[in-house]
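> Take a look at the letters that make up each chain.
2 protein chains.
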Amino acid sequence: MIDRKSRFARKAIKADEARQLILQHIRPKPIHEELALEDCLGRRLAQDIYAPEDVPHFRRSGLDGYAVRSQEALTCDHTRPVTLRIVGESAAGCEEPPEVVPGTAVRIMTGALVPDGADAVIMFEQTDEFEQAGVPWVRIKHAVCPGQNVALPGEDISKGRLIIPSGSRIGPGQLALLAAFGITQVPVYSRPRVGILTTGSELLAVQAALAPGKVRNSNAYMLFAQVSAAGGDARWCGSVPDRPEEARAAIDRALKDCDAVITTGGVSVGDYDVMAELFRELRTKQAEPGEQALARSSFVLFDKIAMRPGSPTTAALIRGKPLFGLSGNPAACFVGFELFVKPALLALSGASNPVEELWEAVLEEDYPKGSPHDRYERAKLNFRSGTLTVRPLGQSKSSMMLSIQHADCLLLIPSGPRGLQQGDKVRVLPLGYEPTAIPEAVRMEGDQT
Amino acid sequence: MIDRKSRFARKAIKADEARQLILQHIRPKPIHEELALEDCLGRRLAQDIYAPEDVPHFRRSGLDGYAVRSQEALTCDHTRPVTLRIVGESAAGCEEPPEVVPGTAVRIMTGALVPDGADAVIMFEQTDEFEQAGVPWVRIKHAVCPGQNVALPGEDISKGRLIIPSGSRIGPGQLALLAAFGITQVPVYSRPRVGILTTGSELLAVQAALAPGKVRNSNAYMLFAQVSAAGGDARWCGSVPDRPEEARAAIDRALKDCDAVITTGGVSVGDYDVMAELFRELRTKQAEPGEQALARSSFVLFDKIAMRPGSPTTAALIRGKPLFGLSGNPAACFVGFELFVKPALLALSGASNPVEELWEAVLEEDYPKGSPHDRYERAKLNFRSGTLTVRPLGQSKSSMMLSIQHADCLLLIPSGPRGLQQGDKVRVLPLGYEPTAIPEAVRMEGDQT
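First to last, the sequence lines map onto chains Y and L. FYI, in our numbering the residues of the first sequence are 1 to 449. FYI, in our numbering the residues of the second sequence are 1 to 449.
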């Protein structure tokens, strides 16, 4: 049996401190890619984008109407209209509309080039058209101001202006801007390759039939989804039984291929907790002469966190790459990912602000259970009333595995002997997934069991 | 010139009414697919999923310790310990641990099978181990209750229970559940194929150099991103100039391949508004004898909405498929998609609740501009204080194209002569994209221009 004292000798740190420790050691992947515009959705920009041109880049009409010389219609109204000869039109996309010389107007469409000579556009509804001897005329019935309904070059966006900062995730608005400026090759951060390795002799492949004492490997799929949602490129690195030499070899392989590796299981203080054993080796190993560089780039960041679930969550740097040892318990694995791995992946992906600030919310129901440690409960937010309220999902034991699908935040229950009461102010970490509504049928069943 | 009266004869309806009109005519795509577990992330389940097995499916230990017969240690404490012979172990994944007969205990790990004979597990920390004449013993120093730390079959989830309802989007929690139950072929709704067709003689390809009066086709990319975010399979159907016969042919082709088609541009009342012309034809066309079926499945749903921007937003059914005519103005195009197209795509995708309810929020700053129609402003929510507050992004003219990237909701400014004041309660439609933070540099520049 392993010496119990060394097994329990871990020193717990706070979750915030643990996250800061990780982020101190993580920089965006230095490799950038240039992607075609249609392939960069969801990626993060690897450089600031400045406007290469003015928008608009020509004098643009704001509506459908007539382009005129404003000084010819400054004071007119319906009792003293001005009549101008229509000398042509400027449709959208027209590159060379006729010039507006004194006494004339040009029919013009929204977004079209305002012709030389004109300095204002008056809307159709404030004019009348008529023909006389085959010649078209327009009667202007409202006063026209200089510049009216004409957007000047650079009025929307001036050339040289920062339009999208580096680190931004490319969504609809960013993609539209890149397209508008003709930026067809987009510099983006490479997605971090994230190895997922599960440990545990109890794990079955998902297609396997059940056997006593065995469970299917659901954490691997949960992490696959979490890594993908955080912008990582999830790589499946297999599952190993609780034997240190196999786990060590699998981790070495995974670290060669990946920018970060996540393991599940084996981090606690049980006899077969292989990950705990590997991390213990790393922690206690003295640098041999000549291994100084390795020692500097390979070390345990923390191996215990003052929180529930997931207190044995461990993180190390191995030759500069983060290795996360998450718990095999699904709830602890989920929480450990959200609190520690996700910010690291966002930082690797180039996000400028990888840590989501906690929000304040009002607790919808009592949470009677006290705890000597901070607890992170899966929970559901409600925004509809104007006050942000939150309801923990994990209070019923039966809902443990079921509740993850409905969670849109983690609710922080601070350590204390008494728990919390309905109406208390609490803090929550939004998850950013699209949670599903909890169907009434599921809630009813949950209440019965 | 086209008859002005018929052009302006559109009847405006409210946005809510327009959305209901669309949703009345849309059903999920009847074609389902079965996807492998690793491919179904982000898709929607096409049937209810019930638990095919109990979880746990065996008597499972809740922690590391000793499996014992509780009646042998009901009343012991550290002054009156009970000593049991350790007859073996049950590690995680162990299928046949030794039986716990009277006077014995089995060392057991978290998640492992509780051996026959035992009905409770006591944690390591409440025991001492020792050896005597080569035989291992454990001293139990705390009272043990029947069933303590043993999860019974079905305790988490009982067989036959609804675990994920049809229509749920598959995220981390859903994927973990499907894996845990060995559901490796997942029935999902097919993604709706959504054609994007842009109209306008002013549109340049994104790689083209600018010319006077021309702009690059940014709406196509914005819509591509919006369709993708809503779960649609965006298909690029090209761009056509403002000529009705070309637009008509392109729409016909697009509708053959796609489940829904979005056009941008040409819906207003200008001379070259081709989409308006096509919709007018459809509206005024009388069913010929023998065309009754066509008339029933092809008609305009609405062609004017009492709102800004995007009042000429139009929708029709063509042989039962939705055709959306969005404005070419980027802000109106964006808003029109979010209000009308997205719910339709969610309904086509099998979402059980395709319309997001509006949230209540508190306005962070004055919005002095009154409007005869409801306005939907791009805006940014702030959750951090516990009260949901919102700030409109579109008040500065310069930020029009820039602000879409920062928007996480649409703020509804109800029609009225006065606008709104800071502190007023307003309603917002959350967009569900991951918005970027507005960098200080961008805000500063915005204030200067």
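Don't read these hints as lab results, they were simulated from the structure. Some clues are possibly wrong.
Identical copies carry no separate label here, and so any pair may be met within one copy or between two of them.
To be verified - For lysine to any residue, the following SDA-like pairs were computed, each having C-alpha atoms within a straight-line distance of at most 25 Å: (1) Lys380 x Ser166; (2) Lys425 x Arg384; (3) Lys380 x Arg427; (4) Lys14 x Gln207; (5) Lys369 x Trp236; (6) Lys285 x Glu357; (7) Lys159 x Asp128; (8) Lys425 x Thr389; (9) Lys159 x Leu210; (10) Lys256 x Gly394; (11) Lys141 x Ala209; (12) Lys285 x Leu21; (13) Lys29 x Leu152; (14) Lys141 x Ala9; (15) Lys159 x Thr127; (16) Lys141 x Val206; (17) Lys369 x Gly320; (18) Lys425 x Arg391; (19) Lys425 x Leu358; (20) Lys159 x Glu281; (21) Lys285 x Val150; (22) Lys380 x Pro430; (23) Lys285 x Lys380; (24) Lys369 x Phe124; (25) Lys425 x Glu360.
Nothing here was measured: the structure is a model prediction, and the numbers come from that model.
> Hints first: check each against the structure and report whether it holds.
Hints, one by one, checked against the model:
1. When the C-alpha separation of lysine 380 and serine 166 is checked against a cutoff of 25 Å, the pair qualifies only between copies, where the shortest distance is 20 Å, while the shortest distance within a copy is 32 Å.
2. In this assembly of identical chains, lysine 425 and arginine 384 lie within 25 Å of each other by CA distance both inside one copy and across copies; the values are 17 Å within and 12 Å between.
3. Taking CA atoms no more than 25 Å apart as the test, lysine 380 paired with arginine 427 passes in both settings, with 12 Å inside one copy and 21 Å between copies.
4. In this homomeric assembly, lysine 14 and glutamine 207 never come within 25 Å of each other (Cα to Cα): the closest approach is 39 Å inside a single copy and 51 Å across copies.
5. Neither within a single protomer nor between protomers do lysine 369 and tryptophan 236 lie at most 25 Å apart by alpha-carbon distance, with minima of 38 Å and 55 Å respectively.
6. Taking identical chains as interchangeable, the C-alpha atoms of lysine 285 and glutamate 357 are never at most 25 Å apart, the minima being 36 Å within one chain and 57 Å between chains.
7. In this assembly of identical chains, the alpha carbons of lysine 159 and aspartate 128 never lie at most 25 Å apart, being 39 Å within a copy and 75 Å across copies at closest.
8. Taking identical chains as interchangeable, the C-alpha atoms of lysine 425 and threonine 389 lie at most 25 Å apart whether they share a chain (9 Å) or sit on different chains (17 Å).
9. Taking the shortest Cα distances, lysine 159 and leucine 210 sit within 25 Å of each other only across copies (14 Å), while inside one copy they are farther apart (64 Å).
10. Taking the shortest Cα distances, lysine 256 and glycine 394 never come within 25 Å of each other, neither inside one copy (38 Å) nor across copies (48 Å).
11. For the identical chains of this complex, lysine 141 and alanine 209 are neighbours neither inside a copy (82 Å) nor across copies (39 Å), given an alpha-carbon limit of 25 Å.
12. Taking the shortest Cα distances, lysine 285 and leucine 21 sit within 25 Å of each other inside one copy (20 Å), while across copies they are farther apart (69 Å).
13. In this assembly of identical chains, the alpha carbons of lysine 29 and leucine 152 never lie at most 25 Å apart, being 41 Å within a copy and 47 Å across copies at closest.
14. Taking identical chains as interchangeable, the C-alpha atoms of lysine 141 and alanine 9 lie at most 25 Å apart only when they sit on different chains, with a minimum of 22 Å there against 88 Å within one chain.
15. Proximity of lysine 159 to threonine 127 under the C-alpha cut-off of 25 Å is found in neither arrangement, the shortest distances being 36 Å within a copy and 74 Å between copies.
16. Within a single copy, lysine 141 and valine 206 get their C-alpha atoms no closer than 76 Å, and across copies no closer than 40 Å, so neither meets the 25 Å cut-off.
17. For the identical chains of this complex, lysine 369 and glycine 320 are neighbours neither inside a copy (40 Å) nor across copies (55 Å), given an alpha-carbon limit of 25 Å.
18. Proximity of lysine 425 to arginine 391 under the C-alpha cut-off of 25 Å is found in both arrangements, the shortest distances being 12 Å within a copy and 24 Å between copies.
19. Both within a single protomer and between protomers do lysine 425 and leucine 358 lie at most 25 Å apart by alpha-carbon distance, with minima of 12 Å and 24 Å respectively.
20. In the homo-oligomer, the alpha carbons of lysine 159 and glutamate 281 never lie at most 25 Å apart, since the shortest distance is 57 Å inside one protomer and 43 Å across protomers.
21. Taking identical chains as interchangeable, the C-alpha atoms of lysine 285 and valine 150 are never at most 25 Å apart, the minima being 73 Å within one chain and 38 Å between chains.
22. With identical chains, the CA atoms of lysine 380 and proline 430 are at most 25 Å apart both within one copy (9 Å) and between copies (16 Å).
23. Taking the shortest alpha-carbon separations for lysine 285 and lysine 380, neither the intra-copy value of 44 Å nor the inter-copy value of 51 Å comes in at or below 25 Å.
24. In this assembly of identical chains, the alpha carbons of lysine 369 and phenylalanine 124 lie at most 25 Å apart only when taken from different copies (23 Å versus 69 Å within one copy).
25. Taking identical chains as interchangeable, the C-alpha atoms of lysine 425 and glutamate 360 lie at most 25 Å apart whether they share a chain (7 Å) or sit on different chains (19 Å).
Going through the hint list in order, the structure does not satisfy hints 4, 5, 6, 7, 10, 11, 13, 15, 16, 17, 20, 21, 23.
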